[in-house]
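Residue numbers (the numbering used here), protein chains in the order written: chain A, 7 to 233; chain B, 2 to 221; chain C, 66 to 344.
The hints are simulated quantities; they were obtained by calculation from the structure and are not laboratory data. Please note that a few of the clues may not be correct.
Said to hold, decoys possible - Covered by chain B, according to a simulated footprint, are these stretches of chain A (three or more residues, beta-carbon under 8 angstroms):
no., region
1, 187-201
2, 215-229
Claimed, not checked - Not the full set, but computed from the structure, chain B residues with beta-carbon under 10 angstroms of chain C:
no., residue
3, Gly78
4, Ser160
5, Leu210
All of these numbers come straight from a predicted model, not from anything done at the bench. Backbone N, C-alpha and C fix where the C-beta goes; we use that ideal spot for every residue, glycine too.
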Amino acid sequence: MGSGLDITFMLEILPKLLKGALLTLELSILCVILSSLAGLLLGTARVLGPRWLRMLVQAYVDVIRGVPPITIIALAYFGLPEVGLTLDEYWTGVLALTLVGGGYAVEILRAAIESLGKGQSEAAAALGLSRLQTYWDVLLPQSLRLVLPPLTNELANLIKASSLLSVISVNELAKTGNDLIFQHFVVIEVLLQVTLLYLLIIGSLDVLSRWLETSRLVHPERYRSSA
Amino acid sequence: MLSALPRLLPALWLTIEISLIALALALAIGINLGTLQSYLRPGHPVRRLLRVYVFFVRGTPVLVQIFGAFFLLPVLGIELSPFWVGVIALTFNSAGYQIEIARAAIDSIDKGQREGGLALGLEAWQVQWLIMLPQALRRMIPPLTNELSQVVKASSVLSVISVFELHKASNAIASTSFKYIEVLTLQAALYFIVIHGLSLLSRHLENRLPGGPKLASAVR
Amino acid sequence: MSGLSRRLFASAAIAFGGVLLAGLSPSHAGALDDIKAKGHFAFGLEAQYKPFEFRDDNNDIIGYDIDVANALAEKWGVEAQPTDTNWATVIQTLYNGGFDMILGGMTATEERYERVNFSIPYMDASSGILVKADSGIADRAGLDGKVVAAGAGTPQIGQLEVTAEELGISYDGDIKSYDDDAVAYQAMASGRIDAYVSTLVSLSEFTKTTEGFEILPFRSDRWATEYTAAAFQKEDDDLREAFDTAIREMKADGSLAALQEKWFGRSFVDGLSDQAPAW
Numbered sequence: 007m008g009s010g011l012d013i014t015f016m017l018e019i020l021p022k023l024l025k026g027a028l029l030t031l032e033l034s035i036l037c038v039i040l041s042s043l044a045g046l047l048l049g050t051a052r053v054l055g056p057r058w059l060r061m062l063v064q065a066y067v068d069v070i071r072g073v074p075p076i077t078i079i080a081l082a083y084f085g086l087p088e089v090g091l092t093l094d095e096y097w098t099g100v101l102a103l104t105l106v107g108g109g110y111a112v113e114i115l116r117a118a119i120e121s122l123g124k125g126q127s128e129a130a131a132a133l134g135l136s137r138l139q140t141y142w143d144v145l146l147p148q149s150l151r152l153v154l155p156p157l158t159n160e161l162a163n164l165i166k167a168s169s170l171l172s173v174i175s176v177n178e179l180a181k182t183g184n185d186l187i188f189q190h191f192v193v194i195e196v197l198l199q200v201t202l203l204y205l206l207i208i209g210s211l212d213v214l215s216r217w218l219e220t221s222r223l224v225h226p227e228r229y230r231s232s233a
Numbered sequence: 002m003l004s005a006l007p008r009l010l011p012a013l014w015l016t017i018e019i020s021l022i023a024l025a026l027a028l029a030i031g032i033n034l035g036t037l038q039s040y041l042r043p044g045h046p047v048r049r050l051l052r053v054y055v056f057f058v059r060g061t062p063v064l065v066q067i068f069g070a071f072f073l074l075p076v077l078g079i080e081l082s083p084f085w086v087g088v089i090a091l092t093f094n095s096a097g098y099q100i101e102i103a104r105a106a107i108d109s110i111d112k113g114q115r116e117g118g119l120a121l122g123l124e125a126w127q128v129q130w131l132i133m134l135p136q137a138l139r140r141m142i143p144p145l146t147n148e149l150s151q152v153v154k155a156s157s158v159l160s161v162i163s164v165f166e167l168h169k170a171s172n173a174i175a176s177t178s179f180k181y182i183e184v185l186t187l188q189a190a191l192y193f194i195v196i197h198g199l200s201l202l203s204r205h206l207e208n209r210l211p212g213g214p215k216l217a218s219a220v221r
Numbered sequence: 066m067s068g069l070s071r072r073l074f075a076s077a078a079i080a081f082g083g084v085l086l087a088g089l090s091p092s093h094a095g096a097l098d099d100i101k102a103k104g105h106f107a108f109g110l111e112a113q114y115k116p117f118e119f120r121d122d123n124n125d126i127i128g129y130d131i132d133v134a135n136a137l138a139e140k141w142g143v144e145a146q147p148t149d150t151n152w153a154t155v156i157q158t159l160y161n162g163g164f165d166m167i168l169g170g171m172t173a174t175e176e177r178y179e180r181v182n183f184s185i186p187y188m189d190a191s192s193g194i195l196v197k198a199d200s201g202i203a204d205r206a207g208l209d210g211k212v213v214a215a216g217a218g219t220p221q222i223g224q225l226e227v228t229a230e231e232l233g234i235s236y237d238g239d240i241k242s243y244d245d246d247a248v249a250y251q252a253m254a255s256g257r258i259d260a261y262v263s264t265l266v267s268l269s270e271f272t273k274t275t276e277g278f279e280i281l282p283f284r285s286d287r288w289a290t291e292y293t294a295a296a297f298q299k300e301d302d303d304l305r306e307a308f309d310t311a312i313r314e315m316k317a318d319g320s321l322a323a324l325q326e327k328w329f330g331r332s333f334v335d336g337l338s339d340q341a342p343a344w
């Protein structure tokens, strides 16, 4: 059993774990991009679309937030082949996580637009802009900056959710770690490294998110000198 | 499809049971640690330690925390059934979020209350128990209801350590009947009723009990 | 005489014999003596492995291992206590004193032998390939170009890798692995995987209740014939030898075969080696 940590072993398995971490990152970044696009699409549909469309989008958001991610992953894995769409486990995972992320992305966009305040919409209306123009040319562009910090947060959430793809045999970080534990009957060294890798990745995103919140990029109005 | 329902209900009950126990234990822990965090000055080592704990809980997937409990408890000589390992893991996770809920609730109470209590000659612990905590708990009810829905979501991950909660039971039934789409849909519907129901309840309570902290739900 | 009084008589005879032997043999502080003094022994398992050990509707642990343990207990004049534990750390727990032996459907492997000693085999643990009845796969070589899967963290993954190298075949994609057998069975039914490799025994459990599947043998000279054995701390020779003696008796009088027929549908006694797996 030994008294200290087996550092040699930890270094030995590090390359495999890094490979898993890379897959986790790759997958999650892909998903956050796709879910942002989905969120944009659905969010726009919710603002501009007819009533039935708005209700549909709201239903989607409610279902995504009301069902555990592991269930959604299982439904995607077994359900999609039934409707003729058999993707391999990696792409099934991307689809499932995009569905999950999209539900939150819609809300992020909504919160950003609401935070711009009624003043913008009223001013635009006073200037004779249609609802569509108000949304597309005034509100949305400003929102895109504001969504950057919460989207970074969303990426962190997706990275955590990606660990669940281990149940459909995707070799991301958590599954790689689990397999190593059973292969070598070593627990602490593996868990320690897996934990540190996740903390490193998510901690960095935390820092990025906080920096973005105070940066010029997201809040240029704070940096303008007074007239 | 509905034929699977009677076999899923005991598992749904287990899901609810395990979530309630974990929530209650995490509340006891969270309230104490949250109060601590509220009263200690920012640089205090204990406060720093608590921040590390919260960072850990938020910075790792629930799956890793569950595996951690599952593999490490026996190494420490603690032998527990998967059910109780699950309770410990979920408690550990929820407490990390409840520290924030408690701290925010306590901070939202007018400092004047505490000063007034002390001025009236009450001891510090009396001020805490009779004035601050009752008000804090009242404000915590909406976010706690939401937190319960989060714990129920997290409980689905306990399937990987063989706890016979709803997700695992649903898998077991699907594998022998092969009506997996139906069983999965049923599983999703049952979860939805509980989780969305709790979310709605939380929002309703938020409107009726104003003055408390509002916390956005996050994917764990 | 009736079963109960027969058991009482046997226990009394064993106890009397034990006292006699204890008086006659040199004093020897061993695990077996401790057990007889305590009046019970605990055996480690994870009650999730049908039909070796699992929980019935009353949440009691039942299964082949429980019956074998009870037979041992009867021979030794003590009680057997099944101890449900976490399988991944079962060896650790054995050395922590959580139980006296591991009797949980454990497959004897070289890696595990580094830390425990095994009894003689009391059940077969060889692997099998689960395929759909109409799959057209007839043997190991038929796995060429197919999507294959095994249980997460099981020796079968390594066996699939060895097979690929040995027969010069390659699979469609990586070897998939699932932590839950149930997910693997669903994956096979839905066509996501073509073959699932696991122990003959657990696959038989599945085919007992489900139609349309068949199990092909999965053996090779490249890996040792697999057996299920009890595991003991390295120094507990006396306990292990007592276990071996008991199993030999049960093989000879047919009681082991009877238990296997009860739980697995047939006897595997003929294929069981009389030697404890060792490396």
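Right, here's what the structure says about each hint:
Under the rule that three or more residues need a Cβ within less than 8 angstroms of chain B, the assignment of the region 187-201 of chain A holds, with 6 such residues. With 0 residues having a beta carbon nearer than 8 angstroms to a beta carbon of chain B, the region 215-229 of chain A misses the requirement of three or more and the stated coverage is violated. The beta carbon of glycine 78/B comes within 6 angstroms of a beta carbon in chain C, closer than 10 angstroms, and the hint placing it at the interface holds. This hint holds: serine 160/B has a C-beta 7 angstroms from the nearest C-beta of chain C, less than the 10 angstroms allowed.
At a threshold of 10 angstroms, the smallest CB-CB gap from leucine 210/B to chain C is about 41 angstroms, leaving the interface hint violated.
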